[in-house]
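S.K.: The primary structure of each chain is shown beneath.
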Amino acid sequence: MQRSYFDHNATTPVAPEVLEAMVSCLGQTYGNASSIHHFGQAAKQKLDAAHCQPTEVVFTSGGTESDNLALLGAVRAAPGERKHVITTAIEHPAVLAPCAQLEREGVAVTRLPVGANGTVTAEEVRRALRPETVLISVMHANNEIGTLQPIADISTVARQAGVYLHSDGVQALGKVPVDVEALGVDLYSMSGHKIYGPKGIGVLYVRRGTRMAATQYGGHHERDRRPGTENVAGAVAFGLATELAAVHLAADRARIGHLRDRLEDAILSRIPGTGVNGERWNRTPNTTNIWFDGVDGEAMVIALDLRGFAVSTGSACSSGAVEPSHVLLSLGLPAERARASLRFSLGRHNTLTEVEALIDAVTDSVKHLRRISVHA
Amino acid sequence: MPEDQTIAVAMSGGVDSSVVAALLARDGLRVVGLTMQLWNQRRLPELSAEGATGRCCSLDDVYDARHVAGQIGIPYYVINFEDQFEEHVVKPFVAEYLAGRTPIPCTLCNNYVKFDKFFEMADAVGAHRIATGHYARVLYHDPTGRWQLLRGRDEGKDQTYFLFGLTQSQLARTLFPLGGFTKPEVRELARELGLGVAEKNDSQEICFVPNGDYAQFLSAYLRERGVPEQETHGNIVTTDGRTLGEHSGVHHFTVGQRRGLGIAAGEPLYVIATDPRKQLVIVGSNDDLLRERFVAHGVNWISISPPDAPVRAAVKIRNKHVAAPATLHPTADPGRTEVVFDQPQRAVTPGQGAVFYDGDLVLGGGWIE
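Protein sequences, first through last, are from chains Z and H.
Counting in the working numbering, the first sequence runs from 1 upward without gaps.
Counting in the working numbering, the second sequence runs from 1 upward without gaps.
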């Protein structure tokens, strides 16, 4: 069966150049970057080249670790007895769960609601500030609906208040321009496997001078911020993947955006009882999240998979089953509509032919499922 | 391949359903494996100290099911039925228990979730037929034009007691490939097929209640739901109204129970009935437990059409009960049947199922009033 992949927000295939660089590094530059000898130095050189800004780039195991390190590290390092964190209701669990942990440690957390468009405003963030606020954490692009938050505006609020700003950029990198200076963030999370790199490598950008408490102990790697023998091949792969992303960005953005719009327009016009979740304009060009009245999203994912099309509903839980998406519920969707929603996330290799075939398969599947009326 | 060639197999991660999937796949049929996620084992953590594995819907079971599916090369999916399971199985179970009855959640689960909901999913994935690992048999009976349900060949494993709610249209689309095998044969098949689950322990009867401790489950569930546990402690009384002692809540007791009464009496005492309204536990001798007749409601007729005259049958009132000869008397309400045993039977328990057999044939079944 011909298979087409429309789940690039979950993960992406490793780019051939990245794969080659990584394998070559694993095979040849196997030294421990902390060793004094030749092998260690060779590894250290590769690592330094990947770092670009060694003082500000901390390699981690991926987006989840970057988010954990940012939240736990920055909040625990902040002085004062009473501490307060501002975040949003539609963050990834990698941000929400450490926030819940901080709450258990006595930190107050404000989770800003989002409107039906899926965004917060800088003004809403400003109003949530308290004298004891130590960190604002707002994701750059949402993983489920793709909407972009006004990070640069929020950074002005943060700077005026003297509060650190963290942004989970896992879903933004490679899809929209990311410039930590222009965004004005102090901490920014990135992941390798969302940008055609391998799993198991990520970065936390830490602006020079940002106070961070240790969250892990065992060595002095990454300037004490992330002890553990460095994943040199992963770092090399991440570095190359970001370079490629920068090269491809402008063209990918236009082409993938066009395919996404084609998919969305066709579904909305051909299938009655459908609609887009969140704002249609201000979002990543590859993502659309669509509700289909009277259709169980989970059944739809399975039906499409059996036809060779990989799409998704919400975030997958550890056993592989799904629960209604907290993001969609936060937009104000009733649970029934949240369960009737699908996420399509396109990527570098998708073609117009694939998109046309997907449109047909979605149309057929919705018809079939509505006929037998499977309800959530 | 046309849609009606596809079979959806309900895979629990246990040896039985794994063998079903492997047998059908080996026969070249197009098989889709589906696991129903029914209960989140992370809930009620106070119950999960022990026995957390080998229970329904544990992550280990999903892992095992997925592993088998990968091994035999079939598409496999986990489907979340937690809401439906709680609504149709757990809540009625709790309500029945608090009302002083002893429900069997497995039958509710079979009726509402494992078959009704599973057929919907089968439809969704384009599968016309479903297969499960139940020890039971289905046959089409030409003269009557009815689908018949028969006991599994392995008497000790026969699961028809839990399947009396199946409708004709469901039976027409259902395969029980293990009906003709014994459990040891199924394990042997699993070994021959090279399935890693061949030696896995059998699951417990009530999957979401660890160690079969209903009262403990009930307390934990009500606490989680924020429902204050009702003050149901009261008196233990004899059938002639003498008070013998106190109890800590009627839901701790089930008809026929002997142990745990906390009363020293000359003759062995058994729970005859509970009265949640007056918070009474009524006890008596073994003879007081014997009953000759009862009414079953919600009766579903399977192998025969609803009778209009008395029918002879062997009636089973608990899963482990040996079916006893009886006469089934129709009542004015076709959903209600009066069962009159030839010999009085011990512990006829309201809330349990009563299943009517003619030899291996399941005539039908209902709920004891």
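Derived by calculation from the structure, the hints in this document are not laboratory data.
Predicted model only: the values in this text are computed from it and were never measured.
Any given hint could be a false lead.
Below are the DMTMM-like pairs computed for lysine to aspartate or glutamate, each with C-alpha atoms no more than 25 Å apart in a straight line [what the hints assert, rightly or not]:
no., chain 1, residue 1, chain 2, residue 2
1, H, K117, H, D142
2, H, K117, Z, E103
3, H, K117, Z, D293
4, H, K117, Z, E356
5, H, K91, H, E185
6, Z, K367, H, D116
7, H, K117, Z, E336
S.K.: Each of the hints needs a verdict: does it hold here or not?
M.R.: So, going through the hints one by one against the coordinates:
no.	hint	in the structure
1	K117/H - D142/H	violated, 29 Å
2	K117/H - E103/Z	violated, 39 Å
3	K117/H - D293/Z	holds, 19 Å
4	K117/H - E356/Z	violated, 32 Å
5	K91/H - E185/H	violated, 37 Å
6	K367/Z - D116/H	holds, 21 Å
7	K117/H - E336/Z	holds, 17 Å
In terms of the numbered hints stated before, the structure departs from hints 1, 2, 4, 5, listed from lowest to highest.
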